[in-house]
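From the two separate chains plus the hints, produce the assembled complex.
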Amino acid sequence: METTMESPATMTIQTSRFGEVTFADTDVFEFPWGLPGFADQHRFLALSLAEQPNFVWLQAVDDPKVALPAADPWSIFPDYEPRMPAYATEALDLRSAEDFTILCVVVVTKEAEEMTMNLMAPIVVNLKSRRARQVMLENSPYSVRTPLPRKQAEVQGTAQPA
Amino acid sequence: MLVLSRKVNQSIMVGDNVRVVVVAVDRDQVKLGIEAPREIAVHRSEIYEEIQRSNRSAAAAGATPAEKSAAVAPAALQPRKKSPKPVKNR
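For the protein sequence lines, the chains are A and B, in the order given. Numbering follows my numbering, in which position 57 of the first sequence is assigned residue number 57; successive positions increment by one, without gaps. Numbering follows my numbering, in which position 15 of the second sequence is assigned residue number 1015; successive positions increment by one, without gaps.
Just so you know, these hints were derived from the structure itself, not from any lab. Worth double-checking, as some hints may not be accurate.
If you want the footprint, here are the derived chain A segments under chain B, 3+ residues with CB under 8 Å [as the list claims (entries may be wrong)]: (1) 32–44; (2) 47–54; (3) 91–104; (4) 114–126.
These numbers were taken from a predicted model, which means no experiment stands behind them. Just so you know, even glycine gets a beta-carbon here, dropped at the ideal spot from N, CA and C.
Bound conformation, chain B alone (with noise of 0.2 Å):
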């Protein structure tokens, strides 16, 4: 892990256009600032990892008997704002 030593109001630069400002430090706290394009998700590890355990644990699930021997079909789905009819998109 590449570890740098900044002030506040200093920064970083990751690639080309995100940059990491040290806004502020209050004890063992410390304030970022996140300059990034839009299409850049930010977000904090805790919840990303929330998130990936949580996918983990859905795709865990034990199958049905019903599942095992399932006709199972690509969904046709709908638009949010459309009457939830069925409608065949092939």
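With the rest of the complex left out, here is chain A (with noise of 0.2 Å):
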């Protein structure tokens, strides 16, 4: 863990896949609309793994349960161009490219033989306010279950269910 000349506050928390994370106050992401399917969870980290360079976790920093993998679409489909509607730019006032990115949730299969990536909703997040909200991207060419290909899948190594 680095430290900082002028130390943000920290805190730990205990989750049920990671064990204990320590964060700062400023690494929080604020998902003010919940995610589908968590809609109370209104805050999230972004936890990478050595082991998983290709991957970020997105942990529910109020639920320890509750955690998500994810990646940067980009870095596996670089033709990747979702169009952001309308309530998107608004709500998350995206005026420049330099201040935001994009993840998508990835989905490994129970036997772990499919990754799926969801390229239909990509959880779009403003770096500078870090506020961040899953888009769904309604008649655009996405599948909420695009296959990843093997080699990528191969990154994460062999996911056991719990």
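What follows is the structure, given as structure tokens:
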């Protein structure tokens, strides 16, 4: 864990997947609209694991059991071109490409044989305000379950069902 | 559930700034028009429910042994347009 000169307040939570996680106030992303399926969760951390450089885990700050794997869609689908609906642009105050990024949720099937990425509902993050929202691209060509190429799936190793 | 009868071109207001208009009716299909502030998300329920299910399955994946003993740290997320070099954001 790195420390800073003017260290922001740090907190430690006990998560069911990763054990103890320590973070600063400034690491938290606000999801004012919750996350579909987890509407009550409004604060998430984006965690990275040394062993899984291509993935980020969205860990709910207020529920230790809730963590979703996600990844940068462009690292796998370089041509991905989500068109933001007006409500997302408005809600997240998306003005400059420099200010935001996108993560897409990854689903590992029970058999751990297949991984899919939700390209239809990217999580759009305003890096300046640290507010984020999962945005549904209705009428887009993108699927909720886009299979990940095998090569990428191997990066995560073999996840075992709980 | 509140149930209202409306004819074509009639509408209902939801709150102060959402208007739902019956645009057309054809047998068992109803075309609705929705006027809402730009920041309001309007979706077919099936799509929203599909995303809910997808998120829940994502969260249900079992942890790998590596995850259980992993060194985790808050990720430094990169803006899309910048080069993907790691930068320290704090």
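Against the structure, the hints come out as follows:
Counting residues of the stretch 32–44 of chain A whose CB lies closer than 8 Å to any CB of chain B gives 5, which reaches the minimum of 3, so the coverage claim holds. Counting residues of the stretch 47–54 of chain A whose CB lies closer than 8 Å to any CB of chain B gives 6, which reaches the minimum of 3, so the coverage claim holds. For the stretch 91–104 of chain A, the assignment as covered by chain B holds, since 8 residues bring a beta-carbon within under 8 Å of that chain's beta-carbons and 3 suffice. Under the rule that three or more residues need a Cβ within less than 8 Å of chain B, the assignment of the stretch 114–126 of chain A holds, with 4 such residues.
Every hint, counting from the list given before, is met by this structure.
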